[in-house]
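There are 6 protein chains.
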Amino acid sequence: MNWLVVDEIIKNALVEDGAYDDITTNSIMSKDDTCTVDLIAKEEGIIAGIEVFRRVFTLLGNVEVEFLVNEGDKVSYSQLIGKIKGSTKNVLTGERVALNLIQRMSGVATLTRKFADKLDGTKAKLLDTRKTTPGLRILEKYSVTVGGGCNHRYNLADGVLIKDNHIDAAGGITQAIEMARKSVSFVRKLEVEVESLEQLQEALEAKADIIMLDNMDLATMKKAVELTNGRAILEASGNVSLDTIRDIALTGVDYISSGSLTHSYTALDLSMKNLKRIDIYN
Amino acid sequence: MNWLVVDEIIKNALVEDGAYDDITTNSIMSKDDTCTVDLIAKEEGIIAGIEVFRRVFTLLGNVEVEFLVNEGDKVSYSQLIGKIKGSTKNVLTGERVALNLIQRMSGVATLTRKFADKLDGTKAKLLDTRKTTPGLRILEKYSVTVGGGCNHRYNLADGVLIKDNHIDAAGGITQAIEMARKSVSFVRKLEVEVESLEQLQEALEAKADIIMLDNMDLATMKKAVELTNGRAILEASGNVSLDTIRDIALTGVDYISSGSLTHSYTALDLSMKNLKRIDIYN
Amino acid sequence: MNWLVVDEIIKNALVEDGAYDDITTNSIMSKDDTCTVDLIAKEEGIIAGIEVFRRVFTLLGNVEVEFLVNEGDKVSYSQLIGKIKGSTKNVLTGERVALNLIQRMSGVATLTRKFADKLDGTKAKLLDTRKTTPGLRILEKYSVTVGGGCNHRYNLADGVLIKDNHIDAAGGITQAIEMARKSVSFVRKLEVEVESLEQLQEALEAKADIIMLDNMDLATMKKAVELTNGRAILEASGNVSLDTIRDIALTGVDYISSGSLTHSYTALDLSMKNLKRIDIYN
Amino acid sequence: MNWLVVDEIIKNALVEDGAYDDITTNSIMSKDDTCTVDLIAKEEGIIAGIEVFRRVFTLLGNVEVEFLVNEGDKVSYSQLIGKIKGSTKNVLTGERVALNLIQRMSGVATLTRKFADKLDGTKAKLLDTRKTTPGLRILEKYSVTVGGGCNHRYNLADGVLIKDNHIDAAGGITQAIEMARKSVSFVRKLEVEVESLEQLQEALEAKADIIMLDNMDLATMKKAVELTNGRAILEASGNVSLDTIRDIALTGVDYISSGSLTHSYTALDLSMKNLKRIDIYN
Amino acid sequence: MNWLVVDEIIKNALVEDGAYDDITTNSIMSKDDTCTVDLIAKEEGIIAGIEVFRRVFTLLGNVEVEFLVNEGDKVSYSQLIGKIKGSTKNVLTGERVALNLIQRMSGVATLTRKFADKLDGTKAKLLDTRKTTPGLRILEKYSVTVGGGCNHRYNLADGVLIKDNHIDAAGGITQAIEMARKSVSFVRKLEVEVESLEQLQEALEAKADIIMLDNMDLATMKKAVELTNGRAILEASGNVSLDTIRDIALTGVDYISSGSLTHSYTALDLSMKNLKRIDIYN
Amino acid sequence: MNWLVVDEIIKNALVEDGAYDDITTNSIMSKDDTCTVDLIAKEEGIIAGIEVFRRVFTLLGNVEVEFLVNEGDKVSYSQLIGKIKGSTKNVLTGERVALNLIQRMSGVATLTRKFADKLDGTKAKLLDTRKTTPGLRILEKYSVTVGGGCNHRYNLADGVLIKDNHIDAAGGITQAIEMARKSVSFVRKLEVEVESLEQLQEALEAKADIIMLDNMDLATMKKAVELTNGRAILEASGNVSLDTIRDIALTGVDYISSGSLTHSYTALDLSMKNLKRIDIYN
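Residue numbers (the working numbering), protein chains in the order written: chain A, 99 to 380; chain B, 99 to 380; chain C, 99 to 380; chain D, 99 to 380; chain E, 99 to 380; chain F, 99 to 380.
This is chain A alone, in the form it adopts within the complex:
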């Protein structure tokens, strides 16, 4: 991950939460109070965001975090997953931001793992989309990989994806691909979205590198795989759910993308508990 970007997210979140002006803690806690706290899982799921959680406290200072699990591990209800130790002021002040981040990242990884497990034994790989939380894309896309998914293009600047509106405006798939090929750097692959076998045929002839099969039924998708015969990478998109993904994979497509991974997860329930005031430096 690009930590310059992640640090900005964390600092922004700390400012948003008034962490440098915690009027309650500042009224009561002495600068020298130290403590230990436990990080506990309160439901089953996949952990993602260990280094981001730790980074919150590194930026606040004087707090050490030790994790008892690894990134991507499955945790269960009431499991102790980490120990936090250090300045009580900073522990209390950073608690909410650190949890808000790791809970969402773990939520993405947990949902992604459920989808990815459905693909076991097939050749298809799971892809995310750009349907991410504004401002947190870097963390959510990373969490998708922790959960076992792959990343599609990062953003509009990062890859060509020619959709129906582009095709319509260009006057056809062939023309659209030609226009993009002329305009963008030769280091880029060209992806085009098709809705029928006819469009697929045209995209193959125009030498698209990647072809997205948009909302096709299973039978059509299967024919698309046969027609393509390895001449392009195939991505299935539309109506992808935990119920449908395995059948889609069995058609033989290379990738299956789902917006759910990043727009319909819920935060994994984690909690910081058992704060004990101790003199950790003796």
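Some clues are possibly wrong.
As the list makes no split between identical chains, a pair holds if one copy fits it or if it spans any two.
[As the list claims (entries may be wrong)] Keeping only pairs whose Cα atoms sit at most 27 Å apart, straight-line, the calculated BS3-like set for lysine-lysine is: (1) Lys371 / Lys109; (2) Lys212 / Lys183; (3) Lys109 / Lys181; (4) Lys287 / Lys183; (5) Lys109 / Lys183; (6) Lys172 / Lys280; (7) Lys223 / Lys109; (8) Lys305 / Lys221; (9) Lys140 / Lys172; (10) Lys374 / Lys221; (11) Lys223 / Lys172; (12) Lys371 / Lys140.
Think of the hints as simulated: they come from the structure by calculation, not from any bench.
Start from chain A and add chains B, C, D, E and F according to the hints.
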């Protein structure tokens, strides 16, 4: 809402999505192409974020948005909720960010409404928490009010909330309240979290303005309401779900807070469809 | 204090003063020159801003500051109040900014102490206002507390204060309070400004938490205190000077606010003298 | 003035004051309310900062300001000096910041005028120093010119001023001037501070462009003027007050500098009064 | 081009040049002076940067620019290429920055055209590199396209290019490609640098999308083209000059990259002349 | 140099180059790989930018740079000029930015030295201009001094230079100088550009501090020197090349300025070679 902050969120999201470098659209669309598109609901829910959606296109320029529903309205499957009209480049470039924002805001409002409806006919009011998405608190807290909830303190700088760890460090509830009263501006109310009726009694004697009843069972909560007898505002917290919230309300507490409103919503499914290329200026 | 904000003030001041481009010192002083300097009071007053003064040199680097007095101490003409030791370049480069800050902060504390001393033996407390120097509010409000005053709301976002224009627009005190109560978070107290006993009566009935008595004469203020009888916090405002403040306090009001504390102080005269070039590391 | 810098000062002040989150005004005032208000002088003085005052409301939007006096005019108690007209929300929200700025700027101009008047009929000109309020130097130095003073160097990057410590480090005035001449661009004048006629003689021989006579008595200063005989510009510094400045001027020096202009002024008392709610657009 | 980025470059350049503090022009020119000026070519070359030149004056305001040539046109000595009209202050203040930008952009386009002309009638295309001026990459890469070249990857985040050190660290070409394929998004092509036909053979077997032939002699390059036979895109790199590029192209490679385009151009000599003070608004 | 500014240039360049997202290196290099690399000169020239080169790696971290030459030294083809040692990831990631900077700085110094050598034995000094690369002025002006040149004013805020358009607008040289003298701080010298001996005479009478002889032929310039006779500093400008500069110097002018130093240099060819993977910490 503070639009300086919201504008920063939108601009940041546009940069994150590479909106000013949309290599596909830039290759194919002419600067002068114009179009209309429909905004459609794909599931039932409460709409929040109309002005934020519009602002995305205002910041990109040359796109008008007309909404057929009002903030807080319930929409149903396949309902047409808005019309977008203007520069095709900017419509395509801003589409994902605009949807990512309004879908999440509407998701919060939709879930909040479900909770709020359970309180019909009781005197209790619904509160949010600080368990919000880092970077989007302003939008999520606003969406809670659209859904029928109230806002608790905005952040750590915005209100005093004395929790168990503060009480422990101060040497007791009385001492903690005294320390806070001395340290913070007299314009602030003091809230303290209590776990038993004994603690409640102490908080009342120390003249706390607001008292949070943390994880109390219904019977104890009821006794707390009687004991308090209007001398402080009572907030119930912990184990609040759609199943439990009404019974909690019926104990007579003033407020009930739930983190779910902002950490366990999913995006409301909305979509921009039916792009028609037209010459809108003739 | 929120040191993120203070650091920005200091860095901004250093850039404003061209401290990283001190063409005179850079022409003449070697990077390795070291020295000691004395910080001397040149008039009597109260010291505030010790940590801010030190922070200027910490940010420049390689300079140690030792203070012989504590924050809030009274100093007298020609008293040695601190010793600065370290890189001569950084001492000369930071001198003006460090002095400009501590002299103004001490000026606020000195004037505040004069007002606060007048309240000895009364129950009234001294309050500041928002009439602060743009960009330095955090330092001036802090200095008020060093001088023995209390802080009113930090800014327009930090507290409700309903003034005559709001009352007029709302259609009356009762309506204005009701509108504010409905709009702002329940964690906030509501303050309203009144100009007569009739308005006071209405504010009390509308359950204002704090009532500002604006420009009332002493006799009316006294009646206001009686009428209120502890049902709200009373703040006196208007025509507060060193001559009038004690009589105002004796009416029995809880707080007295004065803009003079932050708009009519002058800098306390402090000076860095007796620079001695020494090899401090041997 | 560099308005990029001034705009930053104003925006920073508005954020500091929570102007975009005025919870009271937002609760009560409708977006469409309009009004007129008077700007009144409450004591005699010199007005400075008219365009800065106006700019606060321009940045907030929908408020017009008309001034009945010109920059640098003398105003008297209760004089109407301007009319503000427009959005009531923005008038109330910007009031404090706009006043905080113009009152301080006018305070500087008022004090400067008192000093400048003492120089009437002499050839000496009045200079400011770097003893300005951190963050507001651009406004205070400008206000000095409004009051009839001249500006010394803007900051450490903007001019060479060789002081005793530099002389000591360089090994003498001649050496210090030589080092500076070699190091800085030839477009700069070189100023050196001297404490005796011997030092003055050395500075003249080293061809200093400007020589500051530091804390000299009147007799010595007079001899310095004679000795210099037009070979360098002479600046008097130290113990400059309203009582002493005329005698200093009569020694024949070219410039007299005083830190008081910017560190010992108080805000000029101005007030926004008589808000009338009117429908200004009809 | 991403104009957010270009605007930052221009604003930064204006601040760097003190354009908002032009003490000479501010002393002499009235705010209302208007004028016309000519933009003249003082040597032969290719024009690039017309919109950037215009944007400098748009950001300063009140200046119109009309160009008599188009982006990419060849201009000759003393040719009139544009007319500037508007505020004299802004014309004088923006002149240097506007010229500094367009002269460098045109310098890049002029040199690129010389290289590109050498490729006439061959199938090879000209590529730039990352050897650009820090801070101006967006403008220089754009100017390469104006001059007839193509862009290689924008930066390290924008494309995979496996060089000798990566190969060495990975333990071989096959391993390096495999590691990259596993780690980066499937939307990216993989490029690898090879120094021999053996390495080329391995890269082809590992299915590299693009292969850079590094510093190969013409004979070897020719064999590389035959061996590859269309299975990958071939890029020649190293020792590319105006003397050698045509022979390299004739080997049959697809692309030839040269750092010279952006590190060894000189500014094209353009000048703003014949300022005429006129009242342009009458 | 002002390192705050330089650090911004470097950080901006690293972000521009995607250095924190080097997808190739991140795929292949382990975080713990270490290496040594040589910095080699590939052509003869003057080295400038040693500390800037080092700073790139300091900001990335975990890389040490040792230089075998000093700032301003002449280096020759294939000479080893430095050794880089540390984290392989950071070496590869920072390589391009570090080289792009030092190559351009050395290019400026190399060209400047060629001009400066022509002045040997004359009294004239070489000056740069404002014709610098936008964003890199601080580095280019510094490199001019490394090459043996002097710096003219840094920017429009840093010195007065009255040109023909100013003179025309003011109504004459005398008026223009008078207006500037009245408006700018007395610490500044006034420079005026003249095109004839008549103008020179007027400038001398108006007591200009510096006079620029614009595009005069050698004979006229010689007369100008005689006419001036030390009453002002004379700067020659226009048609300055390696062929003409010595003759210009021999006319007796004090300074000669040339835009070529910063607008017509090419990057000095330097290269990082011979990366050896070693365990540098054992």
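Checked hints:
no. : hint            : verdict
1   : Lys371 / Lys109 : within (24 Å within a copy, 37 Å between copies)
2   : Lys212 / Lys183 : neither (33 Å within a copy, 39 Å between copies)
3   : Lys109 / Lys181 : within (22 Å within a copy, 35 Å between copies)
4   : Lys287 / Lys183 : neither (48 Å within a copy, 31 Å between copies)
5   : Lys109 / Lys183 : within (21 Å within a copy, 32 Å between copies)
6   : Lys172 / Lys280 : between (47 Å within a copy, 23 Å between copies)
7   : Lys223 / Lys109 : neither (34 Å within a copy, 32 Å between copies)
8   : Lys305 / Lys221 : both (23 Å within a copy, 19 Å between copies)
9   : Lys140 / Lys172 : within (12 Å within a copy, 33 Å between copies)
10  : Lys374 / Lys221 : neither (50 Å within a copy, 38 Å between copies)
11  : Lys223 / Lys172 : within (21 Å within a copy, 37 Å between copies)
12  : Lys371 / Lys140 : within (11 Å within a copy, 41 Å between copies)
Against the hints set out earlier in the document, violations occur for numbers 2, 4, 7 and 10.
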